[in-house]
Structures are given as C-alpha cells and as structure tokens.
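Participant: This is what each chain is made of:
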Amino acid sequence: MNDFEPKIIAFVCNWCTYAGADLAGTSRIQYPPNVRIVRLMCSGGIDPIYVLKALLQGADGVLIGGCHPGDCHYQSGNFKARRRVAILKKSLERLGLDPDRVWLRWISASEGQLFADTVTEFVKFLKEKGPNPFKTLQAL
Amino acid sequence: MLHAWLNVERNPTQTMRDFLRSFLEKGIVEAILVPAPSAGGASITPTLFLNPEELSRAEPFAPLMPVSEATMVSMLTRTGNPIKLGAVMRNCQIRALVELVKFKQAQLDNLIIIGIDCPGTYELKDYSAMVQNGVDPTASLLENLARGEVSPAPGYSFREACTMCIYPIPDPAIVAVTVGLMGFDGERLPILVKEELAEKLGLADGSPSNRREEVINGLLKARKEEREKQIGRFTKEGTGLEGLLRWFSKCIRCYNCMGICPICYCRECVFRTPVFEHESARYFDWAQKKGVLQMPPEHLLFHLTRINHMVTSCVGCGLCSSACPSEIDVALVFQSVGEEVQALFGYVPGRSLEEPAPVQTFQEREFLELGETLR
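Top line first, the protein sequences correspond to chains A and B.
Per the numbering used here, the first sequence runs over residues 562 to 701.
Per the numbering used here, the second sequence runs over residues 72 to 446.
Just so you know, these hints were derived from the structure itself, not from any lab.
Ideal placement from N, C-alpha and C gives every residue a C-beta, glycine not left out.
There's no promise every hint is true.
Below are the DSS-like pairs computed for lysine-lysine, each with C-alpha atoms no more than 27 Å apart in a straight line [as the list claims (entries may be wrong)]:
1) A:K651 x B:K155
2) A:K568 x A:K688
3) B:K361 x A:K568
4) A:K690 x B:K307
Here are a few chain A residues that sit away from chain B, every Cβ distance over 10 Å (derived from the structure) [claimed, not checked]:
5) E566
6) A580
7) P593
8) M602
9) G606
10) L617
11) H629
12) S652
Throw the hints in and build the complete structure from the sequences for me.
Facilitator: Structure follows, in structure tokens:
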C-alpha cells in the first residue's frame, strides 16, 4: 500500500480556485502531482454526473473548488454547487458508498498556498484510505 | 371546505360517473381526465372526456396505474391550458403534478383536481390475472372498503410502492374535491368540496365521516410499518458496493424507469444525448484499463446520476419499479435515499406549491461545514 499514489480529479472554477492553482504554480509552491485539474467556468456548473463518472472510473478522490461564499463571480454559483454536493454526499452515504472521497473546498485566486495544502492533505487522506474499490470493478 | 355525501344507489363507480358527469353538464369543466379502459380493453389509462355520455365507461376507482396522470396533465397544460379541465387523480399523481408545476412543466390555471383517496393499485400483470380469473379488481376493492378494510383481493397484493405509501390522501389545500373512498360505508361516499364549487354542484353541508378518519389512521399505521420494513430490507440487501451492484445487476439500461418517471421531465436526458454515444476507441480503452468491460456500460452511472438529479422530488409512485422489465426494485432505492436527502432540506415533495424544490434554491447559511478546510 505504501507505493499507492492516489489519483484525484479536481473540478475547479475559472475565477477563484483555478487561479489559486495557477498562483501555486507560478509561486513555485511544491505539492503532490496526484491531481488532474478540469476547469469549469463556475463551481455552479458542476453536475453530479461528472463526479460520479470519475469515481466509477476509479478516481480515488474528487475535489471541487469554488470561490468563497459571497465571492462567486456569478453571484450564487458556489451556493448551488454546495447544495448539489450535499445531496451527492448524502446519497452516497445512504447507498453505503464512501462520501469522503468527494471534497468541496473554497479556495480564492490569492490562496495558492491553500490550494497546495488542500491537495497535499487530500493525498495524505486518500493514502490512508486506500484505493477506490471501483478501480477494479468491471461494471461502471 | 365543506363535507358532503354522495348516495350510492348501484355502486360507487356509477355514483362517481354521475358526479363527474355533473361537472361537464353544469359547465364547471369543459373536459375531464378520468381513467377508463384503454382501446382494446386490456388496461386502464387516463382518458380525456369531452362528451358527458361517454363517462359511462369511465373507471375512476380501478386500482391500476400504468402511467402517472401527472405526466398526462403536464402534456395537456404545459404550453397553456386553453379550456377548463378537470382531472381525477390519486395523491401520488397530485404530488408529482405539484413538483412538475414548480419545474414549469404543468400549469394549474383552469385546472380542477378531483382527488380520490387511494387504497392502492395493482401491477398490470396482477390486474390482468385477476380479470382473467373472474375477479373484478374494482368491485372487490370497494367491497373490502365497505367493510372498513383497505386490502387487496385475497391471493393478490398491491404494488410495493402502494403498500409503503404514507400519503394516500389528497391535500384539501390543493384539490377542489376529495372523494373519500376510505369512508365508503356501502351506502354513502363522503366528499370534501370547496365552498364555491359545492354551490355550483348544489351540494349541502353535512357532517364529516368519522369512519373515514378511523380507516385512514389504521391504514397509515400499517403503511408506516411496511415502509420501515421495506427500507430496512434495502439497507440490508442493497447498500454497500456489493449490495448496490447486486441490486442493479439485472439492469439492461433500457431507461424505462426514466421514461415512466413523472418527475424526470427533461426534454432531452443527458443519457440520450451524444455525450453517451462514445467513440469506438473509448470502449476499448475502458476494457483495457479494467481487463474487461461489461456491455452495455455505465448502468450504475445512470442510476446514481438519476438519483442525484431527481431524488429530492421523488414522490414514491413506484412506476419505475413497475416499468422495469427486469423487475429491479428501483423505487425502493429512491424512497430509501429520498427520505434522507429530502430530510436535509425539511422537504416533502408535492406538499406545497409555495416551497421551491431543493435543487431550485439555496440559502447562504447552510451546510457550512462543506467547503471549509479541515484542520
């Protein structure tokens, strides 16, 4: 298990978290290379199908990043995202699947360090948790 | 609201037909949607009546629901309701209609809902078997009701969704009339009518039915117990990775559950768009990754996504289970998940037109733990 490198799919908003990730890069902050970033215009554009597809395909974790509450570029997209994530996590939990592989985090454009810390923390968390059991299942 | 009684001379079905005819004859509505035998006679389906004479073949109490009338009312009113329309509906259909109105898929203007107490409905195959075996499903149901029993004919059972339904009674705040089947005593049928409508129909205020109250209370107790039992069965057998895969193991991805669902209203479901018409190479990629690929793929993605998209508004009509050719108990999954997800928002689908559906709104201060960094 020690050589297990978790794979994280991150859906981040264009205006805050993506810019935060960019800042982490341009500031040369070191963080684990386990994350694959998908940029959305807004975290409110997240559809649970994206997260579910990633999890069923075997992603070990899914990170959804948006602007802090009140800071959404489109006023309320992040609030809508939060409701959808609440529904998603509750339904996963009720079905006996693992809701903790899905993280929602507010990270602003100026928080490069927070982005790096979040990824670092998520990787550590997933290493302890182990691989996503869907990875080896034939049925999607 | 006014309590009135309809005298039953021959049988409740005939009484109800006459009652409905008065709506058309007195010009209260110009058309009325009532279940009636389908062409060919092998099923019962919502039927739009304009001619009062034709109502003699209506089967308003037939315990069969192959489609939700909510879907039909949506068809009739989505782009505007030009004429005064009446609709005889069961409560799961009314609740689904309320949800559809919130999603702008139906309109209540010009619509008079005539709600009926719902004792339960049969699967079509059971209904057909009863008819074939010489049992009249409607008559046996009404005979039982006259004895104060809400039960299926001996040897048969109602659809599982009906046996665990805890909302069998229409809400007087939403319907214009409630036909209190549960209070049928063999001679009279209690009804609840809005005052202005009672005047038009020439109905006098009477006493409420105590019998109905008692029957409903007993029924709800039994339904709650059954509901708990069934949901417990899902928790035991259908959850966890293995349980869930086993539960949906027979899925052939026909999308019948989505097609029949009154809440799944999207004109174009994402699963029927080119998003899911993958390039050939994609399938081989997947197969390569896992060594094998079950075909057709993505059945679990379909069910999990559908749960996430509409479970907050699921009214538990159970049509998804009835429509499943593989007899997967889809409805029980939706009821089990729905109960907890809806509770997050204190939401009961179809309860009130005033409450927006959870996916339509948000509050700034809720789920505050989500989004905040741990530590």
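Participant: So, for every hint listed, does it hold in this structure?
Facilitator: Here is what the structure says about each hint:
no. : hint            : result
1   : A:K651 x B:K155 : violated (42 Å)
2   : A:K568 x A:K688 : holds (10 Å)
3   : B:K361 x A:K568 : holds (16 Å)
4   : A:K690 x B:K307 : holds (24 Å)
5   : E566            : holds (16 Å)
6   : A580            : holds (17 Å)
7   : P593            : holds (17 Å)
8   : M602            : holds (18 Å)
9   : G606            : holds (14 Å)
10  : L617            : violated (5 Å)
11  : H629            : violated (8 Å)
12  : S652            : violated (5 Å)
When the structure is compared with the earlier hints, violations turn up for hints 1, 10, 11, 12 and for no others.
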